[in-house]
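Novice: Make the full structure from the sequences, and use the hints.
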Amino acid sequence: MQKKGIAMKKFIKKELSRITILGILLFICLVATYYFHFVLKIEVIFTHLFYIPIILGSLWWKRRGITVAVFLAVTLLISHAISPLATSVGADIVRAFMFLVVGTTVAFLTEKKEIMANKLQAYSETLEKKVEQRTSDIRQLLEKERAILNGIGDAVIVFGKDLSITRANPIAEEQYEFVQGKKCYEALKWLKKPCAECIGRKTFTDGVPRKSEEEGILKDGSRINFIVNCSPVKDSNGEVISVIEVLHDLTERKQAEEEKQKLENRYRLITENTSDVITLQTFDLKASYTYVSPSTKAMSGYEPEELLGRSVFDFIHPEDKKFLLPLVKKYIGYKLKNLIAGKEANFTETLEFRYKHKSGKWIYLQSVGNIVGGQLLFISRDITERKEREEEIKKYRDHLEKLVRERTAELERFNSLFVDREFRIKELRDRVKELEKKLEI
Numbered sequence: 001m002q003k004k005g006i007a008m009k010k011f012i013k014k015e016l017s018r019i020t021i022l023g024i025l026l027f028i029c030l031v032a033t034y035y036f037h038f039v040l041k042i043e044v045i046f047t048h049l050f051y052i053p054i055i056l057g058s059l060w061w062k063r064r065g066i067t068v069a070v071f072l073a074v075t076l077l078i079s080h081a082i083s084p085l086a087t088s089v090g091a092d093i094v095r096a097f098m099f100l101v102v103g104t105t106v107a108f109l110t111e112k113k114e115i116m117a118n119k120l121q122a123y124s125e126t127l128e129k130k131v132e133q134r135t136s137d138i139r140q141l142l143e144k145e146r147a148i149l150n151g152i153g154d155a156v157i158v159f160g161k162d163l164s165i166t167r168a169n170p171i172a173e174e175q176y177e178f179v180q181g182k183k184c185y186e187a188l189k190w191l192k193k194p195c196a197e198c199i200g201r202k203t204f205t206d207g208v209p210r211k212s213e214e215e216g217i218l219k220d221g222s223r224i225n226f227i228v229n230c231s232p233v234k235d236s237n238g239e240v241i242s243v244i245e246v247l248h249d250l251t252e253r254k255q256a257e258e259e260k261q262k263l264e265n266r267y268r269l270i271t272e273n274t275s276d277v278i279t280l281q282t283f284d285l286k287a288s289y290t291y292v293s294p295s296t297k298a299m300s301g302y303e304p305e306e307l308l309g310r311s312v313f314d315f316i317h318p319e320d321k322k323f324l325l326p327l328v329k330k331y332i333g334y335k336l337k338n339l340i341a342g343k344e345a346n347f348t349e350t351l352e353f354r355y356k357h358k359s360g361k362w363i364y365l366q367s368v369g370n371i372v373g374g375q376l377l378f379i380s381r382d383i384t385e386r387k388e389r390e391e392e393i394k395k396y397r398d399h400l401e402k403l404v405r406e407r408t409a410e411l412e413r414f415n416s417l418f419v420d421r422e423f424r425i426k427e428l429r430d431r432v433k434e435l436e437k438k439l440e441i
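Going by this note's numbering, 46 is the number at position 46 of the sequence shown; the sequence numbering is gapless.
These aren't lab readings, by the way, just hints derived from the structure by calculation.
Since the model is a prediction, treat every value here as computed from it, not as a measurement.
Worth double-checking, as some hints may not be accurate.
As a list, the in silico EDC-like pairs of lysine to aspartate or glutamate whose alpha-carbon atoms are at most 16 angstroms apart [claimed, not checked]:
#1 K358 / D398
#2 K192 / D162
#3 K297 / D382
#4 K297 / D276
#5 K254 / E213
#6 K358 / E392
#7 K219 / E173
#8 K189 / E214
#9 K356 / D320
#10 K358 / E306
#11 K219 / E174
#12 K183 / E173
Specialist: Written out as structure tokens, the structure reads:
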């Protein structure tokens with residue numbers, strides 16, 4: 001409200017100044033008209049002075065300012081009519097008409113100018129808003145880009161057509177020797193010239209994204225393996241203006257792969273040189289073979305390839321399946337329980353069962369089962385000979401037990417007979433004693 005009040009005061013002050021100036025000019029025009037018509041009694045007056053208030057009135061008040069031209073035109077004609085001049089009024093009519101034409105033209109042009117100025121102002125304001133919006137959008141995009149670059153866990157660099165680095169995220173600046181304007185091959189590989197197979201230059205040429213596995217050098221001089229994902233940045237005309245490279249560190253993966261390879265080699269040496277059979281089965285009720293060690297040929301007669309994909313239960317004796325199936329179910333339940341609890345499923349059990357040899361005979365296996373990496377791991381060995389010896393020992397033991405039972409039974413019968421005889425002898429002795437006593441009497 002205070003600003004509106006100040007603006008209104010300025011407007012009133014400005015209008016009063018205009019009215020004052022125009023009043024003075026009109027007064028001068030009236031005095032000049034009177035002086036020429038009534039004092040000098042001549043027709044020719046300096047009407048050029050009249051155009052000053054006419055133009056000012058039309059400029060200041062536009063259509064309302066035409067009233068100044070009308071006022072002066074009427075004044076001129078009335079002055080001519082009541083003056084003692086005997087000349088024709090035609091010249092003053094022309095002058096009066098010109099007053100009206102000039103006033104109307106200036107008012108029209110002023111209005112047009114104001115309309116154009118308003119349109120230009122509106123367009124300018126709209127343009128400024130668009131520029132501000134675009135600037136804000138660009139600023140937001142830059143902030144998002146910066147946030148993305150800073151949030152990426154890999155090193156990211158941006159370079160131009162001459163391979164000079166223009167931008168790099170904090171990870172890249174932390175890992176590599178980045179200097180403003182430094183070439184990518186200098187910063188990443190400490191080279192003095194571009195790589196022979198530079199995928200960045202190729203992407204600049206054809207605008208096609210590329211990927212490559214490279215070796216670089218870190219700030220401390222240590223070597224690093226990384227995958228380079230190279231992507232072009234194009235302008236509105238489709239021209240490649242820069243290239244973004246994302247460097248994904250492969251050092252840990254390489255070390256893990258090397259360690260895995262060592263373990264696999266060690267594992268292969270064990271599986272290929274042990275007489276025990278090592279197998280992996282799927283962790284389900286089917287328990288299909290996913291790996292079988294080469295030693296299975298000597299033990300079961302099957303090549304490893306003949307067993308892959310088949311269920312272990314296809315080769316187990318029907319009577320032994322009765323206790324093995326519940327055991328697999330117990331394994332699965334144990335695994336699920338540990339997964340829910342977030343624990344490692346470590347479960348070991350020793351099993352003995354009959355396994356069908358390729359020749360059709362049944363062999364006895366002893367297997368130690370465990371859960372490894374979501375699969376069932378079994379290490380099995382042939383115990384058929386041991387089982388046969390145990391069976392022979394059992395038969396011999398049974399035979400001995402039978403003999404013992406038979407001899408025991410004979411002894412028991414003999415003992416029974418011996419006890420009965422002793423009892424009868426005792427009875428006879430007692431009878432004899434009784435008879436002797438009677439004879440004595």
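Novice: All the hints need checking, so say for each whether the structure fits it.
Specialist: Hints, verified against the model:
no.: 1; hint: K358 / D398; result: violated (33 angstroms)
no.: 2; hint: K192 / D162; result: holds (14 angstroms)
no.: 3; hint: K297 / D382; result: holds (12 angstroms)
no.: 4; hint: K297 / D276; result: holds (11 angstroms)
no.: 5; hint: K254 / E213; result: holds (12 angstroms)
no.: 6; hint: K358 / E392; result: violated (25 angstroms)
no.: 7; hint: K219 / E173; result: holds (9 angstroms)
no.: 8; hint: K189 / E214; result: holds (9 angstroms)
no.: 9; hint: K356 / D320; result: holds (12 angstroms)
no.: 10; hint: K358 / E306; result: holds (10 angstroms)
no.: 11; hint: K219 / E174; result: holds (8 angstroms)
no.: 12; hint: K183 / E173; result: holds (14 angstroms)
Checked against the numbered hints given earlier, the structure breaks hints 1 and 6 and satisfies all the rest.
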